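Asker: From first to last, the protein sequence lines stand for chains G and S. All residue numbers for the first sequence refer to our numbering, where the first residue is 1291 and numbers rise by one. All residue numbers for the second sequence refer to our numbering, where the first residue is 132 and numbers rise by one.
To be clear, the hints were calculated from the coordinates, so they are not data collected in a lab. There could be a bad hint or two in this list.
[What the hints assert, rightly or not] Mimicking DMTMM-like on lysine to aspartate or glutamate, the simulated pairs with C-alpha atoms at most 25 angstroms apart in a straight line are:
(1) 1353(G) with 160(S)
(2) 1419(G) with 1450(G)
(3) 1484(G) with 177(S)
(4) 1454(G) with 175(S)
(5) 178(S) with 1343(G)
(6) 1378(G) with 1343(G)
(7) 1453(G) with 187(S)
(8) 1353(G) with 165(S)
(9) 1435(G) with 1488(G)
(10) 1419(G) with 175(S)
(11) 1367(G) with 1327(G)
(12) 164(S) with 1382(G)
(13) 1453(G) with 177(S)
(14) 1353(G) with 1391(G)
(15) 1353(G) with 175(S)
(16) 178(S) with 1382(G)
(17) 1353(G) with 1427(G)
(18) 1328(G) with 177(S)
Because the structure is a prediction, the values reported are computed rather than measured.
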Amino acid sequence: MKKILKTFIVVLVSVTISFAQGFKVKASGEKTFNFEDKYGRNQLTFFSTTPLEDITGVSNSIKGKVTFNVADIKTLKGSISMPVASLKTGIDLRDEHMRSENWMDAENYPDIIFLIKSVSNVITEADNKISAKLTGDFTTHGVTKEIVVPITLTYLDESEQTKKRAPGDLLGVQASFNITLSDYDIDNMVIGQKMADDIEIRVNIVGSSAM
Amino acid sequence: MNKKQKYVIVAALALIAIALVVWVANGGEILSKDGVWIEQPLSDLDKALGQQPKLDFTEQFILGLFPHTAVFVSAVVFVSAILFFILKTKKIQEPK
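Just chain G, with the same shape it has in the complex:
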């Protein structure tokens, strides 16, 4: 009986491991990556397109940590955030409007936050590259909505090349998704419909396991 139970457990563990999709890299076990970069090299970009004007804005003040088992990306948990005040569109007056009470209300809602809840649709593109869909809570302007974000993750073990950027293993995250401002009680009418209701957001960030 003990033998059968032992065999069952071994088979179960083997099946679980074989179905787990993760990075096939030198690193193993659970890793935590910090995305805070004092040099401001991480970037979130948003694009708004209206008949009147196209607006591009960026923030280089991304913060956050994610933790996962290198062999199983579905264990990924964590959050990414960004201060509203760090958004720049290239026009100071417009940035002020954006931060104002009538729009993003940076004083009362200082951060935009994405809290990761689950990972699905995992596709291994290479030993160190995985694409997947993250489901999580996106919070801005005090409103939280569940959204699905397609992402691409690239894992690099620490090397002489990666040390030039940061110590430890590096995790590159690239994501692109859309949000609807009215879903978050942000009224684009306030600024004369110069901003589209549907905003495209692109995230290009790199986290280090040693920070």
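Put chain S on the given structure of chain G with help from the hints.
Answerer: Leaving out everything else, chain S in the frame of chain G:
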């Protein structure tokens, strides 16, 4: 309309046309801008990390329709209207 008034109208229309051509040549933006977002070239490490080009703000004046072109066109219209009025032929009343 006398000959001088015709010159004023032609000159005004020419200036407005030039302003609009310059505005279109600057990209036909609605609002004037003080800079543009330029994509930065990726390093080999960034490429290896699957990153997309990042945007950097570079100071560069871009002439927009508002306010610069609109102000110039309004000024041309205003000045030419004054000139048009000043240059009108004065009717000399003949003694009865």
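Asker: Hints the structure violates: just list their numbers, smallest first.
Answerer: 1, 3, 5, 8 and 16
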